[in-house]
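Okay, here's what each chain looks like letter by letter:
There are 4 protein chains.
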Amino acid sequence: MRTLITNGTVVNADGSYRADVLIEDEKIAAVGLVGDGSASGQVISALAGLAVDQTIDARGRWVIPGGIDPHTHFDLPFGGAFSKDDFETGTRAAAFGGTTTIIDFAVQTKGEALRPGLETWMAKAEGKASIDYGFHMIMGDVNDATLQEMDALVEEGITDFKLFTAYPGVFLSDDGAIFSAMRQTAENGGLILMHAENGVPIDVIANANAEAGLTDPYYHGVSRYPIFEGEAVNRCIRFAEAAEVPVYIVHLSSRDALEEVVRGRDRGAMAFAETCPQYLFLSLEDMKSGFEGAKYVCSPPLRPADHQEDLWRGLVKDDLQTVGTDHCPFDFVGQKDLGKGDFRKIPNGLPGVEERMDLMFQGVVNGRYPKERWVEITSTSAARIFGLAGKKGVVAPGYDADLVIYDPERKHVLSAETHHMNVDYSCYEGMEVQGGSDIVLSRGTVIVEDGEWKGRAGAGSFLKREIAREYLK
Amino acid sequence: MRTLITNGTVVNADGSYRADVLIEDEKIAAVGLVGDGSASGQVISALAGLAVDQTIDARGRWVIPGGIDPHTHFDLPFGGAFSKDDFETGTRAAAFGGTTTIIDFAVQTKGEALRPGLETWMAKAEGKASIDYGFHMIMGDVNDATLQEMDALVEEGITDFKLFTAYPGVFLSDDGAIFSAMRQTAENGGLILMHAENGVPIDVIANANAEAGLTDPYYHGVSRYPIFEGEAVNRCIRFAEAAEVPVYIVHLSSRDALEEVVRGRDRGAMAFAETCPQYLFLSLEDMKSGFEGAKYVCSPPLRPADHQEDLWRGLVKDDLQTVGTDHCPFDFVGQKDLGKGDFRKIPNGLPGVEERMDLMFQGVVNGRYPKERWVEITSTSAARIFGLAGKKGVVAPGYDADLVIYDPERKHVLSAETHHMNVDYSCYEGMEVQGGSDIVLSRGTVIVEDGEWKGRAGAGSFLKREIAREYLK
Amino acid sequence: MRTLITNGTVVNADGSYRADVLIEDEKIAAVGLVGDGSASGQVISALAGLAVDQTIDARGRWVIPGGIDPHTHFDLPFGGAFSKDDFETGTRAAAFGGTTTIIDFAVQTKGEALRPGLETWMAKAEGKASIDYGFHMIMGDVNDATLQEMDALVEEGITDFKLFTAYPGVFLSDDGAIFSAMRQTAENGGLILMHAENGVPIDVIANANAEAGLTDPYYHGVSRYPIFEGEAVNRCIRFAEAAEVPVYIVHLSSRDALEEVVRGRDRGAMAFAETCPQYLFLSLEDMKSGFEGAKYVCSPPLRPADHQEDLWRGLVKDDLQTVGTDHCPFDFVGQKDLGKGDFRKIPNGLPGVEERMDLMFQGVVNGRYPKERWVEITSTSAARIFGLAGKKGVVAPGYDADLVIYDPERKHVLSAETHHMNVDYSCYEGMEVQGGSDIVLSRGTVIVEDGEWKGRAGAGSFLKREIAREYLK
Amino acid sequence: MRTLITNGTVVNADGSYRADVLIEDEKIAAVGLVGDGSASGQVISALAGLAVDQTIDARGRWVIPGGIDPHTHFDLPFGGAFSKDDFETGTRAAAFGGTTTIIDFAVQTKGEALRPGLETWMAKAEGKASIDYGFHMIMGDVNDATLQEMDALVEEGITDFKLFTAYPGVFLSDDGAIFSAMRQTAENGGLILMHAENGVPIDVIANANAEAGLTDPYYHGVSRYPIFEGEAVNRCIRFAEAAEVPVYIVHLSSRDALEEVVRGRDRGAMAFAETCPQYLFLSLEDMKSGFEGAKYVCSPPLRPADHQEDLWRGLVKDDLQTVGTDHCPFDFVGQKDLGKGDFRKIPNGLPGVEERMDLMFQGVVNGRYPKERWVEITSTSAARIFGLAGKKGVVAPGYDADLVIYDPERKHVLSAETHHMNVDYSCYEGMEVQGGSDIVLSRGTVIVEDGEWKGRAGAGSFLKREIAREYLK
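Protein chains in written order, with my numbering: chain A, 22 to 494; chain B, 22 to 494; chain C, 22 to 494; chain D, 22 to 494.
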């Protein structure tokens with residue numbers, strides 16, 4: 022199977038140029054046979070003789086590496102319910118939004134080993150995912166046995182481990198567990214991911230508020246002070262420095278947290294961080310409208326709007342390297358409403374896997390960063406950090422042909438009525454964005470074309486990721 | 022003319038992969054037709070029919086974008102003498118070291134307009150340069166007329182302007198001149214380069230030392246406190262923030278200076294900086310051996326060795342974006358000895374244009390940064406910052422075929438006996454390095470091959486550079 | 022002559038306590054003979070036999086060390102005019118406000134030596150000052166001769182020297198002059214005072230604004246960016262660190278400047294700073310009402326109101342050690358109006374010597390700092406820093422009996438109608454403050470009593486100040 | 022009873038002056054009747070008639086407020102043993118060293134209320150202490166009941182509460198407990214004291230080292246990374262900011278920790294810190310000599326010597342406000358040797374209550390800070406912070422006559438042979454110091470005179486301390 026994408030502009034993290042892209046089966050075979058004559062006719066005519074099974078005309082559009090969303094939660098059990106998107110609906114929605122790789126989180130249940138958790142999540146994805154996927158491993162129970170288990174998982178392509186300073190009694194690991202996991206990981210070549218938000222004092226405040234009758238969703242946001250995110254970020258980075266291991270802060274939401282990442286990096290720490298579109302486009306104000314605010318309940322919560330500018334600066338200056346979605350949707354009707362009368366019972370999580378690429382493209386539209394940086398924060402950096410270098414994140418020969426034909430001019434409106442995520446609301450209802458994914462290829466196969474689904478559940482493969490220490494400096 | 026580089030590994034700033042590189046005349050036509058069969062046979066056989074004029078076997082080696090040295094001083098008049106390398110010997114030496122683009126400095130003479138200075142330097146390069154070259158414009162006299170002149174120069178591809186806080190009475194501009202030039206540049210889209218080292222208090226100390234009989238070259242280094250570099254860097258960045266213009270600190274040498282760049286970037290300043298190999302590999306200690314120390318007299322001076330680690334970290338964390346050489350060689354015998362008995366009279370400058378790529382490669386050898394980052398700091402970043410994006414700095418279709426076949430394993434010894442720079446000593450005499458440029462192409466033509474010169478004086482072209490604001494965030 | 026102050030509460034920088042204060046002639050003889058019986062009857066009866074010439078009942082009030090205003094400009098020539106208060110009206114107004122020591126600035130005229138300037142100012146004060154006074158020396162011309170002169174002045178009690186980074190062509194010293202003066206002072210034991218605000222780029226902006234027709238007083242404030250104060254503060258502190266001399270920033274006005282002082286002190290610099298009430302109570306907003314804004318024209322200018330909170334914090338945390346007034350009044354009618362139509366011609370300066378103690382007392386009223394800190398920032402710290410330790414600034418035996426009976430409860434309204442400064446407006450017109458100086462003694466003599474003037478022009482003495490390095494750490 | 026101290030120089034935190042000090046019974050009655058004639062003869066003769074029971078000639082010496090050691094552990098149970106000094110030997114040794122007030126720590130036992138702990142410690146002191154004493158309350162068990170109990174204790178003069186981030190399973194409180202106690206204290210006016218050193222990851226390392234056979238005392242020091250002290254200090258200060266309560270870091274030992282205090286104070290946090298002489302004069306190197314190192318086992322541990330300079334700077338710049346000793350002595354023979362073969366079993370603690378004043382005086386001898394600052398950090402600041410303002414810490418009327426006649430010239434050698442602490446070694450064996458306490462008075466009574474003990478067990482009183490929020494800004 023051979024596909025030729027002609028007349029487009031390739032946009033990579035390191036530069037942009039007009040070029041054709043030739044795909045052989047699942048991989049990019051060549052870049053550069055520009056159809057409009059910039060190379061000599063001989064090459065073109067030589068190749069013209071090739072039987073190209075399919076030609077895609079990308080004139081006026083860009084050819085970018087498919088997006089990598091390093092943070093999704095498909096089919097996640099949460100207090101009796103499950104996040105609404107499973108690996109079928111979730112990966113399809115991702116693809117519609119120009120994302121061709123997701124890394125989800127397998128969860129270790131307390132009292133069990135890591136492997137059963139991994140196997141459960143492998144099974145959830147198997148036969149359902151339409152794009153490639155990997156897993157981070159959430160460690161719910163750090164002990165001598167699970168510490169030992171980590172090494173094998175790294176070898177099997179589960180190269181990182183997520184721990185929590187939040188959710189006491191559920192996911193929270195104490196400082197000894199976190200530090201022990203870091204020491205183990207320092208040896209096995211993996212990476213530690215942290216939900217860095219000190220849930221213990223947060224719960225003191227949340228409970229005090231709830232007991233005082235302040236039960237609206239808004240108080241979810243109010244109770245989780247940014248200061249506690251900053252504190253936890255500093256703690257995690259300090260521990261990582263002590264353990265001499267790289268650390269990656271997931272879903273960084275606040276200035277307080279960013280400042281600690283910056284400070285850590287300034288002194289040389291191997292510290293990395295991801296933010297999410299919701300922290301750049303939404304704010305605590307959005308939580309104010311009574312129970313409607315439940316739509317925006319996630320942790321860390323939305324912050325006062327003045328934090329946003331700092332996060333954008335973090336993306337520009339590479340203090341934030343990636344953008345994940347923390348996609349974890351719950352229906353407003355039937356799920357979010359579990360928390361009516363008590364914000365503590367609202368399932369935590371937002372939908373967003375579909376909108377990430379377009380929302381982040383607004384940074385290009387607004388002149389915050391160049392298009393190359395957009396590709397880097399939505400794809401290339403994640404590939405490097407998560408052990409997919411050489412395989413994903415660049416339009417270049419030998420890489421998987423995960424490609425998006427992106428129209429930088431097309432405007433469209435975000436809405437639950439038109440989105441493909443399996444959830445009954447959109448966080449960005451009615452917002453017009455510029456830019457959109459017209460055609461999406463996963464390993465050489467067109468899976469989305471002009472709004473039509475052409476993919477197949479089960480076509481996505483598990484990604485055995487590599488140790489990435491070389492890129493975690 | 023068609024050249025095929027086969028079997029190599031392309032190393033770009035955003036990734037590495039095995040690929041063939043096809044060159045048509047002066048440009049890269051295609052990447053990816055990997056000769057060892059990773060693409061299907063049909064493509065290869067289609068292309069096999071092409072008349073390839075030349076095939077270079079890069080097996081076991083890397084294909085990298087030719088180095089860009091953004092800071093050279095060829096044929097520079099300095100106190101009666103001229104720096105020993107002119108554009109012929111200088112660009113040839115650069116090429117031997119894997120550098121295929123240099124940006125030199127045209128100098129405006131006090132009392133004259135900018136253009137005559139530019140024309141003088143254009144003439145110096147014309148017919149001599151064997152690789153492509155551009156010019157930064159040194160402003161020696163800021164006034165209403167020269168401020169107006171700046172805009173035209175930007176349009177003509179001289180997109181940046183260098184000013185000095187050092188060398189009172191020679192190059193030093195006062196704060197009003199600097200700030201006025203910045204305001205002008207904020208409008209015309211250019212970039213301001215600063216030699217940021219407060220030469221005024223430095224001269225107070227230098228004169229006091231000299232008058233106290235401390236006249237050895239070592240006192241050149243001792244008199245120029247790092248604190249005065251830090252001060253000037255902060256001043257320049259603050260001015261740039263006030264003027265809302267990007268600023269680029271040349272030859273940053275010290276921790277004090279780096280800290281100010283870091284601080285500026287952390288608060289969002291459009292501040293960039295270049296360091297030089299001499300500040301990473303040499304130190305103030307090297308200046309201690311009597312008049313031998315004159316070999317290392319440059320400004321800013323070599324620093325105590327404990328500054329080096331900070332600079333390496335700056336490169337890793339992208340607080341330093343580029344590595345220039347500030348190549349400005351004077352013979353030890355016959356030139357440097359003008360300063361015997363008075364360090365203030367030693368011509369300032371070191372040779373280095375040839376050794377940059379190999380020295381910086383040691384950062385890869387030592388595991389400080391990945392090979393992609395090496396390409397970025399020696400080539401890609403400079404291309405982006407200096408208006409050569411899309412033309413230089415990436416191995417990709419449409420880019421100039423400035424390429425180096427680099428052997429990452431070959432070891433060799435740096436020495437004046439073997440180097441190609443026109444100067445009678447090496448700063449790194451006897452130092453063994455790993456890695457070396459085997460074959461060097463400039464716009465499609467092999468100019469160095471296995472130590473043999475195949476280039477031609479005059480083959481290099483003047484680079485009309487573009488406004489680069491998009492990349493100066 | 023013996024005076025007994027009974028029943029009051031002594032408030033010193035290190036503590037407060039009920040005590041009587043016995044004055045013998047010009048000095049405090051004893052503290053502690055509390056009249057209400059807390060000491061045993063025997064002491065009281067022993068002392069009861071003393072012939073006390075005068076008894077002041079301070080019941081319900083505080084006995085504090087008289088204020089020290091380290092920054093006044095009486096009788097200062099400025100563009101043809103003179104600041105309206107001379108040493109007679111100025112010191113009388115100071116006394117009414119509870120200030121019993123001022124340190125004014127003698128000015129060296131360019132081209133002359135330091136001594137004539139000092140003598141001119143000595144003559145201005147002689148026979149006029151009703152309270153004690155010292156002089157800082159403004160260096161208008163740094164050269165070998167004046168550098169030598171500095172040492173003698175230090176010996177004669179002029180222990181510090183002020184230089185300017187502002188007012189190009191008038192007071193501005195270049196970096197070489199500043200650094201040379203610092204080096205000299207490092208040896209002679211003195212202190213360097215800096216007006217730290219980079220006047221050179223400021224003038225570029227001010228001129229551009231004026232030429233663009235933006236001539237209202239407001240543009241005086243707008244043109245002098247806080248960033249240029251921060252820059253200059255950093256520069257001065259860095260120079261001082263290089264010269265190993267203490268440095269004192271006068272009239273610090275902005276967050277930008279404070280941050281640099283904080284940073285300097287955090288790394289151990291011998292850096293000190295004074296702010297003024299106008300920067301704590303007034304803001305750029307006050308300059309907006311057309312030419313009325315001229316009342317508030319001073320340099321550095323008033324800042325956006327959000328800087329105020331930072332300055333208050335600086336006082337609390339001892340990053341700001343003193344509060345001066347920079348008192349330099351010009352009548353609104355007849356002087357300030359020289360700048361109608363061109364803000365650059367408005368005489369720079371505000372009245373304020375009378376209101377300092379009361380305004381700063383609001384920090385106690387509002388719970389920002391304890392009353393002891395109020396005494397410290399308005400008196401004790403200045404005494405230590407400026408070589409008056411052991412003589413001024415503490416209510417203790419052997420100290421000059423410069424004392425204020427302060428009523429912490431009395432409210433009054435600030436107004437040009439009631440103030441004693443010789444100027445036709447008040448910056449704080451109509452503002453009600455809590456606290457007031459009821460009785461003021463200068464070296465044992467009552468000079469103000471319940472709003473009545475009892476002092477005498479000429480009663481004030483020149484203060485030969487001591488080297489204070491011990492306290493300048 | 023009336024005592025007159027004549028001819029001395031009073032040294033207070035805010036100034037020094039020659040003065041006599043008159044004591045009536047337990048309090049200072051007056052200051053200033055200088056015997057050498059600086060006040061008029063009449064006062065002297067009037068007082069000469071007084072029956073003075075005792076005259077102390079302080080000629081050539083200083084009269085300072087007695088030292089306040091805010092951190093002692095007398096009679097502390099620790100793993101079966103008790104710290105060797107009880108309130109009798111401990112307070113006597115303190116007095117010999119010029120300290121006239123100590124604040125010890127009452128310990129709440131897990132599972133019990135606060136009050137029984139307080140009563141136990143009250144009983145330990147009762148009848149034994151020869152100088153005045155107060156108690157901090159160590160909270161070993163934070164729960165709803167003990168939170169309620171806090172308010173009453175504050176009213177009874179136990180105005181602060183100490184919690185630990187170290188000693189897991191023993192004293193460690195989790196973040197919820199710490200934060201809850203802070204919230205309670207924010208309301209009741211008290212102060213939170215923190216042992217800020219994250220004991221959880223420390224134990225991971227300590228256990229790993231011990232299990233690896235690294236059992237020497239040196240590994241106690243090595244295992245407790247400074248980074249974990251810095252982390253905990255930041256955490257505690259952040260929590261305190263969230264709770265809006267002042268926080269005081271006890272026994273701060275490292276640069277890492279100081280930096281966080283500085284950072285907190287720079288942003289306005291009500292954060293305070295104490296260091297100890299051992300961190301200024303001893304270092305990790307001292308722990309290297311095999312089991313001899315056990316003498317120096319305390320937590321936080323001694324640090325590499327390059328931390329010392331930072332701590333001295335912290336004292337100079339008031340980022341460290343006080344100096345405590347953390348006096349907690351265990352005999353080298355018979356107690357420390359419990360940890361032979363396993364550093365984890367060595368009782369933690371050093372002797373030092375006797376040497377504090379003299380060691381800190383070396384800062385004056387070496388010109389680091391003036392003598393007034395020495396008085397402030399050893400006495401006045403602690404009085405203000407711990408609710409003893411107006412009673413202790415100043416030589417002024419109405420204050421307790423806790424006074425030391427200090428000879429600033431006398432040299433002596435520190436040694437276990439001559440010290441009065443009940444422990445078989447000295448940390449400073451053989452070290453010569455300049456300065457010494459010649460005569461010590463506690464509430465008007467001479468308790469030490471020229472090396473002779475004149476005090477009485479039981480003469481010391483419990484200090485009911487006041488709320489000090491006014492001084493905790």
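Hints are computed from structural coordinates only; laboratory data are not their basis.
Bear in mind that the values here come from a model prediction, so they are computed numbers and not experimental data.
Any given hint could be a false lead.
Where chains are identical, the list cannot tell them apart; a pair therefore holds if satisfied intra-copy or between any two copies.
[Said to hold, decoys possible] With a straight-line Cα cutoff of 27 Å, these simulated DSSO-like cross-link-like pairs (lysine-lysine) come out:
no.: 1; residue 1: LYS494; residue 2: LYS338
no.: 2; residue 1: LYS432; residue 2: LYS494
no.: 3; residue 1: LYS361; residue 2: LYS475
no.: 4; residue 1: LYS309; residue 2: LYS366
no.: 5; residue 1: LYS475; residue 2: LYS432
no.: 6; residue 1: LYS309; residue 2: LYS475
no.: 7; residue 1: LYS131; residue 2: LYS145
no.: 8; residue 1: LYS145; residue 2: LYS309
no.: 9; residue 1: LYS309; residue 2: LYS361
no.: 10; residue 1: LYS485; residue 2: LYS475
no.: 11; residue 1: LYS338; residue 2: LYS309
no.: 12; residue 1: LYS48; residue 2: LYS485
Enumerated hints in conflict with the structure, sorted upward: 3, 6, 8, 11
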